[in-house]
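Student: Okay, here's what each chain looks like letter by letter:
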Amino acid sequence: MSTIDTQMKFEELRDSVESLVKSFASTRFRVVTEQKESSGAEEHKDLKRSIQIFYESGSFPDGTSSKRESTHEITFQIEYTATAAAKVDLNALNDPESTASDILTALAASQGAGFTANRSIDELRRMIYQIILDPVNSQLGMSELDKNGAEITDPLVCGAKQVSQVRLVNFRKNAPIARGKIFVLTASEQLTCQVTEITEGATPIAVAQPGIELNHEFNTKSDADDADPATFEIDVTTTE
Amino acid sequence: MDLRKHIATDGIRLSMGSGFNIPINLKYPSGETQTGLIAQVLYDRFAEDPETGDEIVIKETRISLIKADLDEVITAGDKLAISYPLDPANPTVLTTEMMDTDRAPIDGASIGFITIFPFTTEQI
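From first to last, the protein sequence lines stand for chains A and B.
Residue 4 is where the first sequence starts when you use this note's numbering, and the numbers rise one by one after that.
Residue 178 is where the second sequence starts when you use this note's numbering, and the numbers rise one by one after that.
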């Protein structure tokens, strides 16, 4: 396979980050790993919150065509979404035996959806921080490499790191979306890091090697010379 | 005839009679309950998606009440519970939801109605 068809380091890292975050998600949150178009609030209703994480941008500040290795500064975009409903003691409100005092107490203790959604986003941010910046996950799920460039599977053995400068930056909550009967709150953040990409180039797709000209002479046999006139035969003579 | 008074009571009642005659109950922040109210309920509305220009349906319930019918004054930020049918074809099954405390009711002193926005509500 040509090296143009093999994955670069950032693609391996993308898959690794997705797996890492998904392994902690369980029922805590939902993970979306592609850039989605706008989604309906109902989509987030049951599980309440989700994160979208995808490779957003990258640059090669020291990359030139004269170097075989270059640093890839990578940015993953993380989009947080949480939806919330208002909360109240519905049992107290719907009980025909409830007194005015019971109802007053239930209403006073109710929580607005905005409060719940804000707390939900804060919790989600805490989880992502604890996952991404945990020293155990400093390689974002990638393995360290031995002297020969092979992956080290033994967690007690140290090797060369593939990922460096892992940072979470620019966390920002967006304005709440006032649509419908569900409160939707979103936030965004960037995960930045560095990997080393190796430029191995690509092999052009060609039948013959460059620099050699091949001449093909096609001679069709007439049916008179052909042993089996039902088939169509061609003699090919190739010369350099 | 006081036209303003007529519009604020009988006029609104008449305008709400054509298919929008939904029974609701209110539970005020004081703890008092008011039953047997009649309201105009709009369950959703069409809007234009600002990003794509597509027409979308916003599931946003609006309940309009005659202010003169209310036992207590409703103001923005009130913790008010509303019991109303989620399905207008089945008006006897009432669901209790809280008024959206982040959104002020729409009301006007001259016309005499108030529009409130119930919010999806879960057990605490």
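Rather than coming from a laboratory, the hints here were simulated on the basis of the structure.
Take these hints with a grain of salt, some might be off.
[Unchecked claim] In silico SDA-like links for lysine to any residue, alpha-carbon gap of 25 Å or less:
(1) A:K90 to B:V250
(2) A:K90 to B:G230
(3) A:K70 to A:Y132
(4) B:K244 to A:L107
(5) B:K236 to A:F118
(6) A:K90 to B:D255
(7) A:K90 to B:P227
(8) A:K90 to B:A253
(9) A:K176 to B:P268
(10) A:K90 to B:E209
(11) B:K256 to A:Y132
(12) A:K25 to A:V35
(13) A:K90 to B:P268
(14) A:K176 to B:E249
(15) A:K90 to B:T229
(16) A:K90 to B:E249
(17) B:K236 to A:T189
(18) B:K256 to A:Q168
(19) B:K256 to B:T278
(20) B:K256 to A:K12
(21) A:K90 to B:V270
(22) A:K90 to B:I301
(23) B:K256 to A:A111
(24) B:K236 to B:I215
(25) A:K176 to B:K244
(26) A:K12 to A:Y132
(27) A:K150 to A:Y132
(28) B:K256 to A:K25
(29) A:K90 to B:N202
(30) A:K164 to A:L136
(31) A:K90 to B:P262
(32) B:K256 to A:G162
(33) A:K90 to B:T273
(34) A:K90 to B:A245
(35) B:K236 to A:I180
(36) B:K256 to A:P99
(37) A:K150 to A:H75
(38) A:K164 to A:I7
Student: What's the verdict on A:K90 and B:T273, does the C-alpha distance respect the 25 Å limit or exceed it?
Tutor: 11 Å, holds
Student: Does B:P262 sit within 25 Å of A:K90, going by the straight-line distance between their CA atoms?
Tutor: OK: A:K90 and B:P262 at ~19 Å, within 25 Å.
Student: Take a quick look at whether A:K90 and B:I301 sit within 25 Å of each other, Cα to Cα.
Tutor: Judged against 25 Å, a Cα distance of about 5 Å means the pair holds.
Student: With the threshold set at 25 Å, check whether the alpha-carbon distance from B:K244 to A:L107 stays at or below it.
Tutor: Roughly 22 Å separates the two Cα atoms, so the pair holds.
Student: CA of A:K90 to CA of B:D255, is that 25 Å or under?
Tutor: With a Cα-Cα distance of about 14 Å, the restraint between A:K90 and B:D255 holds, given a limit of 25 Å.
Student: Holds or violated: B:K256 and A:Q168, Cα atoms, limit 25 Å.
Tutor: 48 Å, violated
Student: Taken at face value, is the distance from the CA of A:I180 to the CA of B:K236 at most 25 Å?
Tutor: 13 Å, holds
Student: Are B:K236 and A:F118 close enough, with their CA atoms no more than 25 Å apart?
Tutor: Holds, at about 21 Å.
Student: Starting from B:K256, check that the Cα of A:G162 is at most 25 Å away, please.
Tutor: Violated, because 60 Å separates the two Cα atoms, which is more than 25 Å.
Student: Does the structure keep B:K256 and A:K25 at a Cα separation of 25 Å or less?
Tutor: It is violated: about 39 Å lies between the C-alpha atoms, which goes past 25 Å.
Student: Given the hinted pair A:K25 and A:V35, is their alpha-carbon gap at most 25 Å?
Tutor: 9 Å, holds
Student: For the pair supplied as a hint, A:K176 and B:E249, is the alpha-carbon distance within the 25 Å limit?
Tutor: Judged against 25 Å, a Cα distance of about 37 Å means the pair is violated.
In this structure, the hints that do not hold are numbers 2, 3, 7, 9, 11, 14, 15, 18, 20, 25, 27, 28, 32, 34, in rising order.
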